[in-house]
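Undergrad: Chains as they are written, first to last, in full-length UniProt numbering: chain Z, 1 to 301; chain X, 1 to 301; chain U, 1 to 301; chain Y, 1 to 301.
To be clear, the hints were calculated from the coordinates, so they are not data collected in a lab.
Just some of the chain X residues that point at chain Y, by a computed CB distance under 10 Å: (1) 265; (2) 277; (3) 292.
The calculated lysine-lysine pairs, modelled on DSSO-like cross-linking and capped at a C-alpha distance of 30 Å, are: (4) X:275 with Y:30; (5) U:60 with U:140; (6) X:60 with X:27; (7) Y:275 with X:30; (8) X:86 with X:140; (9) U:275 with Z:292; (10) X:292 with Y:275; (11) X:275 with Y:275; (12) Z:292 with X:292; (13) Z:275 with U:30; (14) X:275 with Y:292; (15) U:292 with Z:275; (16) Z:30 with U:275; (17) Z:86 with Z:55; (18) Z:59 with Z:27; (19) U:275 with Z:275; (20) Y:292 with U:292.
Just so you know, even glycine gets a beta-carbon here, dropped at the ideal spot from N, CA and C.
Given next are the chains, with one letter for each unit.
Number of protein chains: 4
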Amino acid sequence: MNQPKNNLIGIHGYNLVGCWDRTHCEKALKVASQIGYSLVEVPVIDPLFDTQATKELAKKYGLQLSCSVGLSEDTDISSLDESVRKQGEQVLMTAVERAHTIGSSIVCGVIYSKLGKYHRAATRQNVENSVEILRRVAQKAQSWGVQLGLEVCNKYETNLINTAGDALKMIEAIGMPNVVVHLDAYHMNIDENDPIAAIYSCHNRLGYFHIGESHRGYLGTGNISLRNMFRALAQVGYSGPLVFESFSNAIVSPFVTEALAIWRNQWEDGEEVAKHALAFVQSEWFAAQKSKTTPLLSYRT
Amino acid sequence: MNQPKNNLIGIHGYNLVGCWDRTHCEKALKVASQIGYSLVEVPVIDPLFDTQATKELAKKYGLQLSCSVGLSEDTDISSLDESVRKQGEQVLMTAVERAHTIGSSIVCGVIYSKLGKYHRAATRQNVENSVEILRRVAQKAQSWGVQLGLEVCNKYETNLINTAGDALKMIEAIGMPNVVVHLDAYHMNIDENDPIAAIYSCHNRLGYFHIGESHRGYLGTGNISLRNMFRALAQVGYSGPLVFESFSNAIVSPFVTEALAIWRNQWEDGEEVAKHALAFVQSEWFAAQKSKTTPLLSYRT
Amino acid sequence: MNQPKNNLIGIHGYNLVGCWDRTHCEKALKVASQIGYSLVEVPVIDPLFDTQATKELAKKYGLQLSCSVGLSEDTDISSLDESVRKQGEQVLMTAVERAHTIGSSIVCGVIYSKLGKYHRAATRQNVENSVEILRRVAQKAQSWGVQLGLEVCNKYETNLINTAGDALKMIEAIGMPNVVVHLDAYHMNIDENDPIAAIYSCHNRLGYFHIGESHRGYLGTGNISLRNMFRALAQVGYSGPLVFESFSNAIVSPFVTEALAIWRNQWEDGEEVAKHALAFVQSEWFAAQKSKTTPLLSYRT
Amino acid sequence: MNQPKNNLIGIHGYNLVGCWDRTHCEKALKVASQIGYSLVEVPVIDPLFDTQATKELAKKYGLQLSCSVGLSEDTDISSLDESVRKQGEQVLMTAVERAHTIGSSIVCGVIYSKLGKYHRAATRQNVENSVEILRRVAQKAQSWGVQLGLEVCNKYETNLINTAGDALKMIEAIGMPNVVVHLDAYHMNIDENDPIAAIYSCHNRLGYFHIGESHRGYLGTGNISLRNMFRALAQVGYSGPLVFESFSNAIVSPFVTEALAIWRNQWEDGEEVAKHALAFVQSEWFAAQKSKTTPLLSYRT
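With the rest of the complex left out, here is chain Z (with noise of 0.2 Å):
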């Protein structure tokens, strides 16, 4: 069966390598591209990123590149710390710059506050200096022909964007045709009332997807009807990436452990979880675009 149209299906690189350096970057990508995936979404702010192999590689192995990025508290743009924000602008500049040149069209991920856990529900403050900097930031990726999508996480990890609905307020707000909605399976489960009427919601403003399992382990594992919201995107006819996620404490940094409360090994082996999740995908996806096709019934003549 042939993968279906229009979509990358695509990986994240820390399912598969736990930094990005050469090695560990030639080592995802090489595994990404040998199981079939047709696109990898690199950790661009990651401390050992190196752009320049990244591109190079990408290109020896056939691969399409995205980028994601997830601020810190010392990089959290809707603080009321003006140095912090100043910091995390610069990040997000630094992303921007860096998908232009490795030939990525888009910077999604948690680009509007810190990845963690809060304390406080967020003031009106918050939102107006993560608007204000993302507007800005929005512009020179326009420039670049780069979009930014705006990543909806559940309320443990933010506490800006919890539904889609919080996304596309704070899209409205920035004003720029290049921002979009990101969607992920995971966050979803817990936070939306129903991922169906979410994905028809932010219908042709949806511009990445993140495919991941209630636990974030092996997808089919555990409590999401990956068919329902594969349907919903087949209905409104999302035509980008569709992007695999999975963590365990198998592979992991410190940072993300801390910030997604990764106490267990969901797998041991990143690379069965990938072919399996690939093979997954494949097969809902294709039957989810069958599935808007109702045969109806054949008279005789």
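Fit chains X, U and Y to the given chain Z structure using the hints.
TA: Frame of chain Z, contents of chains X, U and Y only:
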């Protein structure tokens, strides 16, 4: 909790009684009213149907009425036998007249073919026969303010309309504004690709909705995700009746037993089933309407 | 990813060809083998069935075989007409003999009644007729190392066994150890309260499993939660075959069309459906087996 | 419809009031009783907790009581700081004593660690600390006829027990018969592979059950299949309480806001939510119990 506005919650009369003479009609309407239903679907061509009694008793018990019909081998308007078609047309005309008389705004059900198992796929001539007769019936019905609802049934109960798509196609061929789609949760579970997509595809052409479990017994004890169907109905703003239907061979006519293959006692006590169904539908429909509004984040000032 | 151990993944021969002479048998087995299936279910009483060819070709293509039967009006062993019962018993004895000859360890399907719509509920005499004959057939089968699998079918296709409970009851009455339950996802969706509970209730009496979508088309395009069924199978340690079955009137015999009410083209290309089904079943079955082990927290030392 | 026998349907007091002085206690108990609940879960270590009032008012309003606790940073019995552990043990001892006084047979909740986000995985020492203290608390509780229920919470709210398996393991280590598992639909949706399997795995060690929606708002408006969970509870013969829990920042204490990340108003009117929840739970639990019995075919004589 208040019953949601704009939707009448009803029950099929045969859930409560086995025929429709004056005595059984009164029993059904009284019980339905006491339980709290707002509408009863009446078997308008029952041989013992008492038009005057039905009208008076509905008024007495404060109930709205809808009318349903299931054509038989002898009254199949898709038949190649002209005398059978004439019989069928007469039955439908009578049903429409009675509906008008008792104040019902719809005649629904399997009004386009035999209700029962066919042994061959339909031919184009079968379809054309139904379309031609339904156009005439719809014209008469329109002059009386009555709608026709084409019930989408599973493949074992008709060979003419098995999916929403089939119904919409026939409605287009009939070309009358007062013909609507009548969907049924039980049948959709068997033949639709996706009940959600089916409901969306009908949109404001949907005029009637049957709620039934996968095995036609107690709601919530089978395989149907009523939740997803109700959410789709809420999303498209469906304002028509929601009518519960269940069959047990504790109460069922020989025609229905044969046509619908009712070999089991799903229940002995139709009243208990009906009470549970009303509570179930009320709480799920309330939730479906609530789920349309996803609360945004509350930012502090 | 390796195919999960201990379970043969198979396909019904009629998915690939419309009859079972030598030519079509070879086509079916060759294609099934090329796609990657391990077992083919053969229509052992097809009028053109070529025992010798089936045996040789299965060996050539490295496939296991299972045998299925659907009795007809003329061979219904539950019939009150003795000559019909005799015909039916002869058909079953022949099926068992052929199964033995071709190296199949099971004869399954609707082997206890007509496959098709009845017009009345069964009587105790109907049941007793089936039990008595199946006991004799089972005795012969046992001497040849062949099992009998009673397929639980929906109410429109038999009036004798509609749920796992009905099958277990008949198995108890037959009293032979080589009679097992044959469950089918498609049928369970219509008549079981809960497929999970049905699977649990059969436990090690479950010997054969049919995988089919709610509308009998592409897997994943209908209403069945195969995930939940597969998890239940994994939980009870089911080690029998998982056999895909789909029907389109693109390829189907007149007997099947009538008995199963196949009025639609669910697909034109049986091979594409079969390829997708294998990938779908492999990834879901893998997930179901993985889901049995919930990783505990990893406490640091 | 009668409320199902043997299971008390309850509600968490914080759904109706924000603290537990005498006035708010009376308000909560009165409203819960009027709506029709049989049990109220009380925040037994609320700073304003009025033991005498709670006992008297429960009697007055005909309610059963359960007690729940969430330990804090300062009372975390898994802590490496001895003074913190001592504080925690004292809190638990007090809770058990108060439970005994007010006639509650259980102290449940996050009684084994802090309720809130950790920044590191737990160590073996953390686990041993909790086990040792809980053993002492359980011994005292047993002498008073009180059970301890370990609530399985998602990874963002504790690092010690995230799945039923973790709870069962700790219960084994504690080695006291009066320690039971406390499952919660909301948490299971995030961290269990399969809530059904989790319920089966606890079996008669399951002593308490929290019903909550995926986003902690109105039941039926989120992503949780309560139906499947209820069926599993019915299958294992669960006879303990079913207690509804929902959080909105319309009514919530600062500690809970922070610990549980309550950034949204899921509702303004706790009473409306509570009414709907009771009707919802009653009709679904009734269905779950009914679904245990699949009617067999009724053969005619």
